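Trainee: Next come the chains, spelled out residue by residue.
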Amino acid sequence: MVHRSLPVALSLARVEARKLLRNPMVILGTILSFVITIGVTWRDIPVLNRHDSLTVDALVPLAAAVLVAAHLATIRPRRYKTTELWDSLVTSDATMTAAHLLSALLLAFFALALVLVQLSYMKVIGGVATPRPAIILTGPALVAFAGGFGVALGRWAPRIFVAPLGLAGVVAVCTVLIGNTYQHNREWLSLWVSSEGLAGIPSELTLRPDGWRLGYFLGLVALAASVAFIPDASKRVLAASLATVALVGTFLVANQLTKESPRDLQRAITTQLQQGWTAPSCREYSSVAYCPMPGYEPWIDRWRRPTEGVLVAVPAGARPTDLRLLQAPGHTQRYDEDRNSFVSRWLDREGRRGALASETDIHPSMRWGRNSAQGESELSIALMVASRTIGLDSRFRLTEDDLQALGDPRGGNFKVGRRRSQCTSIEQGRAIVALWLAAQATGATEAEFASAAARVPYQAERADGPTYFDPLAWNLLGYTYGTSDDYRVLWGARETNYALQLLGRDQTEIRAVVAEEWSLLTDPATTTDQAAEVLSLRPLPSLEEAHDNWGLVYRGLKQWGTAPCH
Amino acid sequence: MNSVRIEDAVKRFGSTRALDGVSLEASEGITGLLGPNGAGKTTLLKVLATVMSLDSGSIEIFGRDPSRHRHRLDIRRRLGYMPQEPGFHRSFTAFEFIDYVAILKEMTDRKARHAEVDRVIALTGLEKVAHKKIKALSGGMRRRVALSQALLGDPRLLILDEPTAGLDPEQRLRFREVMSRLGEERSILLSTHQTEDVAALCPRVIVMNHGKMLFEGTPKDLREVARGSVWFSEARAPEARLSWRTGEGVHRNIGTAPPGANLVDPSVEDGYLLLLGDEAFIEAAWRRSRQCAGRPWFTGRYR
Ligand SMILES: Nc1ncnc2c1ncn2[C@@H]1O[C@H](COP(=O)(O)OP(=O)(O)O)[C@@H](O)[C@H]1O
Ligand SMILES: [Mg+2]
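In the order they appear, the protein sequences are chains X and H.
In this text, residue positions in the first sequence follow our numbering: the first is 1, and each later residue adds one.
In this text, residue positions in the second sequence follow our numbering: the first is 1001, and each later residue adds one.
Think of the hints as simulated: they come from the structure by calculation, not from any bench.
Misleading hints may appear alongside valid ones.
[As the list claims (entries may be wrong)] Restricting the straight-line Cα-Cα distance to at most 30 Å, the calculated cross-link-like pairs of lysine-lysine (DSSO-like) are: (1) X:LYS235 <-> X:LYS81; (2) X:LYS415 <-> X:LYS558; (3) H:LYS1128 <-> X:LYS81; (4) X:LYS81 <-> H:LYS1111; (5) X:LYS81 <-> H:LYS1133; (6) X:LYS81 <-> H:LYS1135; (7) H:LYS1132 <-> X:LYS81; (8) H:LYS1135 <-> H:LYS1111; (9) H:LYS1133 <-> H:LYS1111.
Keep in mind the model is a prediction, meaning the values are calculated, not measured.
So here's chain X without its partners, still in its complex pose (with noise of 0.2 Å):
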C-alpha cells in the first residue's frame, strides 16, 4: 500500500513539520542558534573553517527542543485520546510513524538553512575561508537524530515524561564521553564537543574526523528511525533487521572516529606546517611583506593599518627595511582536534631545535578580534612591529652581563649561551618610546592602550586607590603572548604610564622630539628617567621610592628572575 501511504506521510509530515516549527521549544532553540553564533564571534573575526564547527554547536538546543517536541508530537494520539478515532481509519501506525520521521527531516532542512544564514552572517562580517561541508551537514544530522530520537521514544515509551528523561540520558552519555577521554577520541562519539577549536586552530593544521563524524550520525538518524518502526506489528522483524543494520554500521563508523588520524596525514600537515614558515607566500606593501597563510589573505589590510600606524611615527631612516609579518599558529594552543597531539609534539621537538624561531619575523595570529576585541588585535601587532622597530628583542642568549643584573643566580637555565624567550624592559627608557609607537598606531591601538594602562596605575602612593603595588604591567604581556613565541616583553608600569603621558599631548610635538632624539632614545643604555627627562615627561617617583612607600624592598631585576632585553 506504499502508493497510497507516501503522499500520506508527505502531508501528514508537512502539517507536522509546521506544528514543530510553531512549538515554543522549538522557537526557542531557534533564537538561541543565533545568540550563540553572534555571541560567540562578537569579539572574532569569524574564519570559516574552523567557525564552521560553532554552527554544530549553536544547534545543540534546537536538537534538544526538537527531541521533546518530536516525542510530543508522536504521542499526541495517547495524550489526547485520539487513538480510538484513529484506529477506524485507513492510515496505519507505521504511516504515522513515517510521517512523524519524515517532519524530523524537514526539521533538518530548516536547521540547515539556519547553518547557512549564520555562514552568511559570519561572511558578512568579515568572515574568511572557507567552510567543510561535512560540518555544515552535522549539524543539521543532529537535529534529524534529536527528531528521530523523539519518534523512537514516543513509540516505545508514550509517556509524557521520557522525553525529558531520555535527553537527560542523552546529556548524561555525553558528558561522560566528552569528560576524561582526551586521549582516547572517545569525545568524537559525543553529540557535541568541546569548542577549544574556536580558540585559533587553523583546519588547515587540523585532523577533525568531520567526514565520519557526520557518517556517524547519519548511522544514529537510521538507527533510530529503524528502531521506531518496531513497535508497528505489521514491520517488526523489517525495522529490526534494519535497526540491526544501522546498529553495526554506526558502530563500524564509530571505530574510525575514535582512531588515531593516519601517520601520512599527519605528516601531511606538519610538513604544511613547516612550509609555511620556510616557504610563506607574501605580499609587500611600503617595504614590508605580510605573508597571510592560505585564506586569510583579506587580513593583510587589518594588519597594515596598526604596522603603518606605527612605522609612520618613526623617522624615515630608522624604519626597519626586513619587516615581515609571517603568520603563524602560536606554541600554546591545541591543534589537533583528533586529540592525537601530534601538532603540539611536532612544535614542540621543532621549537627546541630553535627552527621555528626567526630573528626577524613578527608573527601574527590565527585570530583577529571583533568589536571591543578589534583593539587588542591592533595593540598586538603594533606592539611587536614596535618592539621590533625599537630594538627590543626578547629572543637572545643569556650573556655574563645577564646573570650579573639577575644576581648571579648559577645553575638551572641560568647559564651563558642560554637561550631566552622573555625579557623585562623595566627602566629601560626605549621601552616608553616602543609603548608610544604602538599605542599611537590607530584609534583602536590608542583606547585599548588607555584602558589596559588605567589597569597599572604608577601607584607610588599607597593612601588610595589601588590596594597593590605591582611594578609590572603584566596585562601588556598578554597582547602578545598568546599570539606568538615572539617579543614576549615584560613591560613596567613606570613606563606604561610615561606613556600615557605622552599620549595624552600633542603628537606631532612628540614625533619631532623622537626624531630629533632617536638614537639616544632607543639607545638600551638609556634609563627610563633619562628619556623622561628628554621627552619633558612629569616625574614619576622611582622604583626605589615607590616600593619604599609601600614597606617593600626593591631588589633590580632579581626580583622576577628575567633578564633584560637584549
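Let chain X serve as the given structure and place chain H with the ligands on it in line with the hints.
Mentor: Chain H with the ligands only, in chain X's frame:
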C-alpha cells in the same frame, strides 16, 4: 445490497457480555440504536467501525470481512466514525484537527482537502469557530467537530455514537436536519438514549439491553408497543410503573392501565420504557430529574 450484516455477534469483557448474540442488517437510511447505559451500543458500533473485533459471530460490511487486513482497509475507506468519547488535539484549531483527520483519510491533495474540510465545517455550522483552538470550544462545539470529521469524504457508512449528547435544542435540530439530508443515500447507524432523536430521525429503531436486541422496527412500531398502557389521571395512579405530573397539572401514567382509564396516544419513549422495564425507568427518572432540577415533579416508584 446490505451495507452491514452481523450475525450472532458475541463480545465479552471478563464476565460481562457486552454483545450477546446480536444479529442485524442495515442498508441505506438511518438506524437508531436505543438502549440504556451499558446496553452494548458502543461495543456494537466499535465493532462496526472496525476498531474492535468479535469474540464470535460473523460480520460483513459492504460485503467485506473486517478481520482481514485488506478488507478492513476497504471498509475504512468508506467509513465515517464518531466515537462516543472522541479525543481532540487540544492545541489544534477545529480546522486543523479536521484537516488532520482528512489526511489520515488519504485526502492528500491539499486544495481539494481544504475544500472538503470547509464543506463539512459549513455542514455542521462551525464556520465561526473553525480557526479557534479546540481547547477554547464548548462541549457542543466539540461534538460538532467530531461529527464534521466523520462526514469527511462523504462516507457511505456513518457510525455515530451518541452524536446528540451534550447538544442544546437548537444544535440538536440542526443535527437532525443534517442527518435527514444525508440519510437518504447512505447508511447511518447512530446510538442514543434520547428517544426524541430516534422518533424524529430514524426510520428504523433497534432497542438493546444487556447486549441483546429487544426490538427492531419503525418508531411507529415502538410507539405501538405502549398503546393501551399510557393514561392520564388526576392523581398518581397506583397501577402505574411510572407516573409524573405534566406541565398541565395532570398525571401521566405508564403501566397496566386500569379499566376505564383515560388512555392517551403513546410516544416512542413510552414504548421504549415499557420494553426495558425497571432499569429504564430508573434511568428515565434520573434523566428527568436532571432536566427539571428543583421542581417537585417526580412521583414515580419502582416495582
Ligand atoms: N473496554 C471494556 N472493558 C471492560 N468492560 C467493558 C469495556 N467496554 C465496555 N464494557 C462493558 O460492556 C458493557 C457494554 O458497554 P457499552 O457498549 O459501552 O454500552 P453502551 O454504549 O450501550 O452504554 C458494559 O457493561 C460495559 O461496562
Ligand atoms: Mg455508549
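Trainee: It remains to establish, for every hint, whether it holds in the given structure.
Mentor: How the hints compare with the structure:
1. X:LYS235 <-> X:LYS81: This hinted pair holds, its Cα atoms lying about 24 Å apart.
2. X:LYS415 <-> X:LYS558: At roughly 15 Å apart (the allowed maximum being 30 Å), LYS558 of chain X and LYS415 of chain X satisfy the hint.
3. H:LYS1128 <-> X:LYS81: 26 Å, holds
4. X:LYS81 <-> H:LYS1111: 28 Å, holds
5. X:LYS81 <-> H:LYS1133: At roughly 17 Å apart (the allowed maximum being 30 Å), LYS1133 of chain H and LYS81 of chain X satisfy the hint.
6. X:LYS81 <-> H:LYS1135: Measuring from Cα to Cα gives roughly 14 Å; hence the hint holds.
7. H:LYS1132 <-> X:LYS81: 20 Å, holds
8. H:LYS1135 <-> H:LYS1111: OK: LYS1135 of chain H and LYS1111 of chain H at ~26 Å, within 30 Å.
9. H:LYS1133 <-> H:LYS1111: 22 Å, holds
Checked against the numbered hints above, the structure breaks none of them.
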